[in-house]
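Please construct the entire structure, taking both the sequences and the accompanying hints into account.
Number of protein chains: 2
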Amino acid sequence: MMIMLYGSIEAGGTKFVCAVGDENFNVIDQTQFPTTTPDETLARVIKYFKKFDHIDAFGIASFGPIDVDKDSETYGWIIKTPKKGWSNIDFLGKMKENFDVPMYWTTDVNGSAYGEYISAKKNDESIKSVAYITIGTGIGMGAVINGEFLGVEGTPEFGHIKVKRHRDDLDFKGICPWHGDCLEGVASGPTFEARNGVKGIDTPIVDPTWDIIAYYVAQAVIDLTVTFRPNKVILGGGVCTPDFIAKVRAQFTLLFNNYLNVGSLEKYITAPEIAHNGSATFGDFVLAQKAIDEQKND
Amino acid sequence: MMIMLYGSIEAGGTKFVCAVGDENFNVIDQTQFPTTTPDETLARVIKYFKKFDHIDAFGIASFGPIDVDKDSETYGWIIKTPKKGWSNIDFLGKMKENFDVPMYWTTDVNGSAYGEYISAKKNDESIKSVAYITIGTGIGMGAVINGEFLGVEGTPEFGHIKVKRHRDDLDFKGICPWHGDCLEGVASGPTFEARNGVKGIDTPIVDPTWDIIAYYVAQAVIDLTVTFRPNKVILGGGVCTPDFIAKVRAQFTLLFNNYLNVGSLEKYITAPEIAHNGSATFGDFVLAQKAIDEQKND
Numbered sequence: 002m003m004i005m006l007y008g009s010i011e012a013g014g015t016k017f018v019c020a021v022g023d024e025n026f027n028v029i030d031q032t033q034f035p036t037t038t039p040d041e042t043l044a045r046v047i048k049y050f051k052k053f054d055h056i057d058a059f060g061i062a063s064f065g066p067i068d069v070d071k072d073s074e075t076y077g078w079i080i081k082t083p084k085k086g087w088s089n090i091d092f093l094g095k096m097k098e099n100f101d102v103p104m105y106w107t108t109d110v111n112g113s114a115y116g117e118y119i120s121a122k123k124n125d126e127s128i129k130s131v132a133y134i135t136i137g138t139g140i141g142m143g144a145v146i147n148g149e150f151l152g153v154e155g156t157p158e159f160g161h162i163k164v165k166r167h168r169d170d171l172d173f174k175g176i177c178p179w180h181g182d183c184l185e186g187v188a189s190g191p192t193f194e195a196r197n198g199v200k201g202i203d204t205p206i207v208d209p210t211w212d213i214i215a216y217y218v219a220q221a222v223i224d225l226t227v228t229f230r231p232n233k234v235i236l237g238g239g240v241c242t243p244d245f246i247a248k249v250r251a252q253f254t255l256l257f258n259n260y261l262n263v264g265s266l267e268k269y270i271t272a273p274e275i276a277h278n279g280s281a282t283f284g285d286f287v288l289a290q291k292a293i294d295e296q297k298n299d
Numbered sequence: 002m003m004i005m006l007y008g009s010i011e012a013g014g015t016k017f018v019c020a021v022g023d024e025n026f027n028v029i030d031q032t033q034f035p036t037t038t039p040d041e042t043l044a045r046v047i048k049y050f051k052k053f054d055h056i057d058a059f060g061i062a063s064f065g066p067i068d069v070d071k072d073s074e075t076y077g078w079i080i081k082t083p084k085k086g087w088s089n090i091d092f093l094g095k096m097k098e099n100f101d102v103p104m105y106w107t108t109d110v111n112g113s114a115y116g117e118y119i120s121a122k123k124n125d126e127s128i129k130s131v132a133y134i135t136i137g138t139g140i141g142m143g144a145v146i147n148g149e150f151l152g153v154e155g156t157p158e159f160g161h162i163k164v165k166r167h168r169d170d171l172d173f174k175g176i177c178p179w180h181g182d183c184l185e186g187v188a189s190g191p192t193f194e195a196r197n198g199v200k201g202i203d204t205p206i207v208d209p210t211w212d213i214i215a216y217y218v219a220q221a222v223i224d225l226t227v228t229f230r231p232n233k234v235i236l237g238g239g240v241c242t243p244d245f246i247a248k249v250r251a252q253f254t255l256l257f258n259n260y261l262n263v264g265s266l267e268k269y270i271t272a273p274e275i276a277h278n279g280s281a282t283f284g285d286f287v288l289a290q291k292a293i294d295e296q297k298n299d
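Which chain is which? The protein sequence lines are A and B, in order. What the first sequence shows, in this note's numbering, is residues 2 to 299, in sequence order. What the second sequence shows, in this note's numbering, is residues 2 to 299, in sequence order.
Where hints are given, some of them may not hold.
Any copy, or any two copies together, can satisfy a pair, since identical chains are not distinguished.
Within a straight-line C-alpha distance of at most 25 Å, the following computed BS3-like cross-link-like pairs (lysine-lysine) qualify [as the list claims (entries may be wrong)]: (1) Lys165 <-> Lys248; (2) Lys291 <-> Lys129; (3) Lys81 <-> Lys129; (4) Lys174 <-> Lys95; (5) Lys97 <-> Lys85; (6) Lys16 <-> Lys84; (7) Lys52 <-> Lys233; (8) Lys71 <-> Lys122; (9) Lys71 <-> Lys123; (10) Lys84 <-> Lys52; (11) Lys248 <-> Lys81; (12) Lys233 <-> Lys71; (13) Lys268 <-> Lys71.
Don't read these hints as lab results, they were simulated from the structure.
See the structure below:
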């Protein structure tokens, strides 16, 4: 009997990470390449997976905005995206043309959120929900509640929530092309350079900009806390170093004033458990299995 | 054969509304009384329902914070609440002592949200989720997604999200005892009087305070929109007059900048469909039926 093989596609705006996992969701092969044109990039994806005798199901976690509404005519598409050339691309359709197997289609952050949800649940069965916020070039959020993703009609665009402006940051207009100073406009990675002419990676942790950004991200954590009470809020992406996460906890404490009991803050606001940016790959493998299960139940 | 009778308890901090409905969820009897002490108030509830030969199930939508976690030892309790005398009251336990029938226990806003969800779905089958924000003495939110309430570990406390302060309102500190200028601290009914010494009901609609509050409420609608993309956001409670709702739509348009397509704003941001503050009673009847169904499936 052949072993089961799962395919993972973590489709980012900068790079694609493709991986193959065994029936225990262990990575047995992996590759990555830059995101160029849709034709070229998807051809590389397909060529990569065709190397294997068989792939039994895929989990695909894509940048977007994407269409996740199964009743929609553009389900499985990357829809209007700021990423040049990638608007209105039938990503899932292209995969289905080449592989006649179950596929789970979701957002990039949801893939990571799902991986972290499964991992957290392994360590603590009482976990019912997690939120995953990624802070890098943009800000995204994925949430899993009782095994299901939050957001039925479309993907959340949580980066665009409103925030209370920090008193020392009022002169900064924010960089979101749509909203100026929404969360993404004041707390994403590129806002360091927009404020100070220096990238985040070159900004020492004692610089007050880190505290200002932590003030905004703590508000995002509060919003999620009072909206659906996740058991954990995981902070990923380039901005979320351990030092930064500590600052977010400190701001959360000040701003939330112990209004609800969220337990230990070290456990509540955390870095991803899965090492080496592997959350999405692991999540995709489990979602591939979920796609098989859902097909059986149909 | 006896007809099915459902009991509804809409337990508010100011008054209790109790009602009995038939198998089609029509109100056949109703009463209301002020919320005094727990002993006195719950005795009146029990006495009212004992008048009927039988009540087959209850839907109970209570003020809180309440414990809705079925795995918790204090499930069914009103927990620490600012309402004097009502902290740590085993509301559901008291009901179960007197009526040995299925009961659905949820928050006051969830009861209304569920009623509006069922009603909206009757008119438009494609509806998958609604959010209900109530703005009165406090601010609460309930959401239904695919028939389930949002918030597994506890009730949402959405009134305490952070908001961007309005430029003409920066001197107002807000009235939330925990957070000062969270949403509830700057947009609940009593903030009119706190700002101007005049109650909201006596404040003419041309007063800029209405626009300031609409600016904050529009941010709440945006937060929900980008968090889970409900099909409808219903605005209830004393503050939400038709004129005010029109102002919220206008502020939403300005602030959201058409970032996502939410369809017609008149349909997206609306008053409750169910007349005479009947959303919670209707919702409770349907939840009572749901409690029967869930018991059968256990």
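Hint check:
With identical chains, the CA atoms of lysine 165 and lysine 248 are at most 25 Å apart both within one copy (17 Å) and between copies (21 Å). In this homomeric assembly, lysine 291 and lysine 129 come within 25 Å of each other (Cα to Cα) both inside a single copy, at 17 Å, and across copies, at 22 Å. For a Cα distance limit of 25 Å, the shortest separation of lysine 81 from lysine 129 across copies, 23 Å, qualifies, whereas the shortest one inside one copy, 33 Å, does not. Neither within a single protomer nor between protomers do lysine 174 and lysine 95 lie at most 25 Å apart by alpha-carbon distance, with minima of 41 Å and 55 Å respectively.
Taking CA atoms no more than 25 Å apart as the test, lysine 97 paired with lysine 85 passes inside one copy only; the shortest distance there is 24 Å, against 61 Å between copies. Taking CA atoms no more than 25 Å apart as the test, lysine 16 paired with lysine 84 passes inside one copy only; the shortest distance there is 12 Å, against 54 Å between copies. Taking CA atoms no more than 25 Å apart as the test, lysine 52 paired with lysine 233 passes in neither setting, with 38 Å inside one copy and 47 Å between copies. Taking the shortest alpha-carbon separations for lysine 71 and lysine 122, only the inter-copy value of 18 Å comes in at or below 25 Å, while the best intra-copy value is 27 Å.
In the homo-oligomer, the alpha carbons of lysine 71 and lysine 123 lie at most 25 Å apart only across protomers (21 Å), although the nearest pairing inside one protomer, at 30 Å, exceeds that limit. Taking the closest pair of Cα atoms, lysine 84 and lysine 52 never come within 25 Å of each other, the shortest separation being 29 Å inside a single copy and 66 Å across copies. Taking the closest pair of Cα atoms, lysine 248 and lysine 81 never come within 25 Å of each other, the shortest separation being 35 Å inside a single copy and 29 Å across copies. Taking the shortest Cα distances, lysine 233 and lysine 71 sit within 25 Å of each other only across copies (19 Å), while inside one copy they are farther apart (28 Å).
Taking the shortest alpha-carbon separations for lysine 268 and lysine 71, only the inter-copy value of 23 Å comes in at or below 25 Å, while the best intra-copy value is 35 Å.
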